[in-house]
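S.K.: Chains as they are written, first to last, in the numbering used here: chain A, 694 to 805; chain B, 694 to 805; chain C, 71 to 206; chain D, 71 to 206.
Bear in mind the hints are in silico, worked out from the structure with no lab data behind them.
Owing to the predicted nature of the structure, the values given are computational and were not obtained by experimental measurement.
Where hints are given, some of them may not hold.
[Claimed, not checked] Covered stretches of chain B, as calculated for chain C (at least 3 residues, CB under 8 angstroms):
#: 1; segment: 707-719
#: 2; segment: 751-758
#: 3; segment: 781-789
[Stated by the list, open to error] On the chain C side, residues computed to face chain B include the following (Cβ under 8 angstroms):
#: 4; residue: Pro90
#: 5; residue: Ser91
#: 6; residue: Val93
#: 7; residue: Arg94
#: 8; residue: Leu98
#: 9; residue: Ala101
#: 10; residue: Val114
#: 11; residue: Glu115
#: 12; residue: Gly122
#: 13; residue: Ala126
#: 14; residue: Pro177
#: 15; residue: Leu180
#: 16; residue: Asp186
#: 17; residue: Gly193
#: 18; residue: Ala194
[What the hints assert, rightly or not] DEER-style ranges, computed between Cβ atoms:
#: 19; chain 1: A; residue 1: Gly732; chain 2: D; residue 2: Arg192; range: 53 to 63 angstroms
#: 20; chain 1: B; residue 1: Asp725; chain 2: C; residue 2: Leu205; range: 35 to 45 angstroms
#: 21; chain 1: B; residue 1: Val791; chain 2: C; residue 2: Ile190; range: 46 to 56 angstroms
#: 22; chain 1: B; residue 1: Gly734; chain 2: C; residue 2: Arg182; range: 49 to 59 angstroms
The beta carbon of each residue, even a glycine, is placed where N, CA and C say it ideally should be.
Listed below, chain by chain, are the residues.
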Amino acid sequence: MDLSLETRNEDGHTIIEVGGEIDVYTAPKLRDKITELVGNGDYHLVIDMEKVDFLDSTGLGVLVGGLKKVRAHDGSMRLICNQERLLKIFRITGLAKVFAIHSSQADALAER
Amino acid sequence: MDLSLETRNEDGHTIIEVGGEIDVYTAPKLRDKITELVGNGDYHLVIDMEKVDFLDSTGLGVLVGGLKKVRAHDGSMRLICNQERLLKIFRITGLAKVFAIHSSQADALAER
Amino acid sequence: MPSGAARTATGVTVSIARDPSLVRTVRLVAAAVARRTTGDEDFVEEVRLAVGEACALLVGPDAASAGSAGPVEVSMQVEDRLRVTVRAGGSVAVHDAPTSDIDGIEPWALLRGLMDDFEIERGADGISLSMSWALT
Amino acid sequence: MPSGAARTATGVTVSIARDPSLVRTVRLVAAAVARRTTGDEDFVEEVRLAVGEACALLVGPDAASAGSAGPVEVSMQVEDRLRVTVRAGGSVAVHDAPTSDIDGIEPWALLRGLMDDFEIERGADGISLSMSWALT
Ligand SMILES: Nc1ncnc2c1ncn2[C@@H]1O[C@H](COP(=O)(O)OP(=O)(O)O)[C@@H](O)[C@H]1O
Ligand SMILES: Nc1ncnc2c1ncn2[C@@H]1O[C@H](COP(=O)(O)OP(=O)(O)O)[C@@H](O)[C@H]1O
Numbered sequence: 694m695d696l697s698l699e700t701r702n703e704d705g706h707t708i709i710e711v712g713g714e715i716d717v718y719t720a721p722k723l724r725d726k727i728t729e730l731v732g733n734g735d736y737h738l739v740i741d742m743e744k745v746d747f748l749d750s751t752g753l754g755v756l757v758g759g760l761k762k763v764r765a766h767d768g769s770m771r772l773i774c775n776q777e778r779l780l781k782i783f784r785i786t787g788l789a790k791v792f793a794i795h796s797s798q799a800d801a802l803a804e805r
Numbered sequence: 694m695d696l697s698l699e700t701r702n703e704d705g706h707t708i709i710e711v712g713g714e715i716d717v718y719t720a721p722k723l724r725d726k727i728t729e730l731v732g733n734g735d736y737h738l739v740i741d742m743e744k745v746d747f748l749d750s751t752g753l754g755v756l757v758g759g760l761k762k763v764r765a766h767d768g769s770m771r772l773i774c775n776q777e778r779l780l781k782i783f784r785i786t787g788l789a790k791v792f793a794i795h796s797s798q799a800d801a802l803a804e805r
Numbered sequence: 071m072p073s074g075a076a077r078t079a080t081g082v083t084v085s086i087a088r089d090p091s092l093v094r095t096v097r098l099v100a101a102a103v104a105r106r107t108t109g110d111e112d113f114v115e116e117v118r119l120a121v122g123e124a125c126a127l128l129v130g131p132d133a134a135s136a137g138s139a140g141p142v143e144v145s146m147q148v149e150d151r152l153r154v155t156v157r158a159g160g161s162v163a164v165h166d167a168p169t170s171d172i173d174g175i176e177p178w179a180l181l182r183g184l185m186d187d188f189e190i191e192r193g194a195d196g197i198s199l200s201m202s203w204a205l206t
Numbered sequence: 071m072p073s074g075a076a077r078t079a080t081g082v083t084v085s086i087a088r089d090p091s092l093v094r095t096v097r098l099v100a101a102a103v104a105r106r107t108t109g110d111e112d113f114v115e116e117v118r119l120a121v122g123e124a125c126a127l128l129v130g131p132d133a134a135s136a137g138s139a140g141p142v143e144v145s146m147q148v149e150d151r152l153r154v155t156v157r158a159g160g161s162v163a164v165h166d167a168p169t170s171d172i173d174g175i176e177p178w179a180l181l182r183g184l185m186d187d188f189e190i191e192r193g194a195d196g197i198s199l200s201m202s203w204a205l206t
């Protein structure tokens, strides 16, 4: 229904597993989580979107904002997404070229 | 989603398995099915409501109308219903006393 | 901006054509609004049933009049209570008046049984049903 | 009868307060209306996304203005095409104008990418977005 956020550390990265709908209502919660992590010095983020049902431009804005934040600390933000309907949203908006989009956590963590 | 109706004969009764929502939109389809059966000489009906998700007063009206139709031919109409939320609707409207409500097809067919 | 805008400064309002096939959409919205107030699915089901029933009574089973008769409007507000008003108006008579008897069941019996109190307001310009539920 | 009634003699209209948490309810209705026209869930998803996006743009992320700013109204008609109009009005400025750039993404890029043609009408009394889909 709503947005769920689960965070854990692995291999020098912080993985945020996002579930539910990232929309105009819930996106601020994701932004706050990213801001909090960056504030704690976690600059290498992996956003796992496998359980995301919905993403609108507000959600995209938060992801782009997050990318800017971690890059300001020479960090990284990788996305995990296999769902065609979400990938289409990244393509349409040109953001498929801006983000490193991986198909699994293993894949995302493998890249150096 | 919509209304589904499956009919079969067993032990001298015609069992109508109803699925979905019996409401102001779909109830006429159930009424037409009952009218058709009674027109074919099937006067002993068992309405299996185990897969019904929703029932409003229009649906109740069709059931009462069906009962009248079969009784006009010395027939019978039995209901199968275990769902508390539907049973409540029959109780609230006083129709729990009007219908023979059974908890299974076996139970409904056992009664003579 | 459409007229009547101020009416829904809070909450959700759904207007449907007087078409029986659209009543399900209203039930969907009613359940969604109720679900936002609680995790209690029995409560959600009760609201879905009562709002659907009120809507069915005002829409009526006569699809032939769909489109010609003006909409049925359902407005839902979450304040101190969950308040729902269902309005239908104008030229078309409400099919089943509160005293009518179709097929041996009194159509309003269900809604009366469900709601301890609901208010019916009739005017020259239509009919309006108001119901509310305490929020837990 | 409420004013503006004739507007929805057919179809479904939902009005929500300018509250981001209600946008999901509009998506639910949009999906329900789209689903009535087809069994194609990709189509349903496309309508849900576009209507939700249009609504998000007009509601804006600023929950603080909820209630004070008049509703956002979404009307859906199934005719020769599925036609959807999203209107917001009056006193509150649309948060993200079509040319703004928040967090590096152009907020209207998604809606423009989704819809081959959508129309924006701006007037003294508000903004209105119209979109439509062929029915198969
Ligand atoms: N060290 C930093 N930490 C956080 N944000 C930074 C930093 N350096 C630059 N920024 C910029 O500040 C902007 C505003 O931050 P904030 O208001 O928290 O995010 P948002 O714009 O997503 O609400 C970010 O988009 C980012 O580009
Ligand atoms: N032999 C019969 N077959 C059908 N209906 C009958 C018969 N005898 C009496 N009736 C009455 O005719 C009424 C009207 O029938 P019909 O219009 O088909 O049903 P409904 O009122 O449910 O639309 C029924 O409610 C029933 O009480």
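S.K.: Would you settle whether the hint for valine 93 of chain C is holds or violated, based on the nearest Cβ-Cβ distance to chain B being less than 8 angstroms?
M.R.: holds (5 angstroms)
S.K.: With 53 to 63 angstroms as the target window, see if glycine 732 of chain A and arginine 192 of chain D comply at their CB atoms.
M.R.: violated (40 angstroms)
S.K.: Does the segment 751-758 of chain B contain three or more residues whose Cβ lies closer than 8 angstroms to a Cβ of chain C?
M.R.: holds (count 6)
S.K.: Three or more residues of the segment 707-719 of chain B near chain C by CB distance under 8 angstroms?
M.R.: Check passed, 4 qualifying residues.
S.K.: Please check whether alanine 126 of chain C passes as an interface residue: C-beta within 8 angstroms of a C-beta belonging to chain B.
M.R.: Check passed: Cβ of alanine 126 of chain C comes within 4 angstroms of chain B, closer than 8 angstroms.
S.K.: Just to be careful: measuring from the Cβ of alanine 194 of chain C to every Cβ in chain B, is the smallest value less than 8 angstroms?
M.R.: violated (26 angstroms)
S.K.: Could one say that the CB atoms of glycine 734 of chain B and arginine 182 of chain C fall in the range 49 to 59 angstroms?
M.R.: With a Cβ separation near 38 angstroms, glycine 734 of chain B and arginine 182 of chain C fall outside 49 to 59 angstroms, so the hint is violated.
S.K.: Hey, does the proline 177 of chain C contact hint survive, CB to chain B under 8 angstroms?
M.R.: Holds, about 5 angstroms.
S.K.: Next item in the hint list is proline 90 of chain C. Is there a CB on chain B closer than 8 angstroms to its CB?
M.R.: holds (4 angstroms)
S.K.: Does the closest beta carbon of chain B sit nearer than 8 angstroms to the beta carbon of leucine 180 of chain C?
M.R.: holds (4 angstroms)
S.K.: With a cut-off of 8 angstroms on the beta carbons, see whether glycine 193 of chain C makes it to chain B.
M.R.: violated (24 angstroms)
S.K.: Is the shortest C-beta separation between glutamate 115 of chain C and chain B less than 8 angstroms?
M.R.: holds (6 angstroms)
Violated hints, listed in ascending order, are 8, 9, 10, 16, 17, 18, 19, 21 and 22; each of the other numbered hints is respected by the structure.
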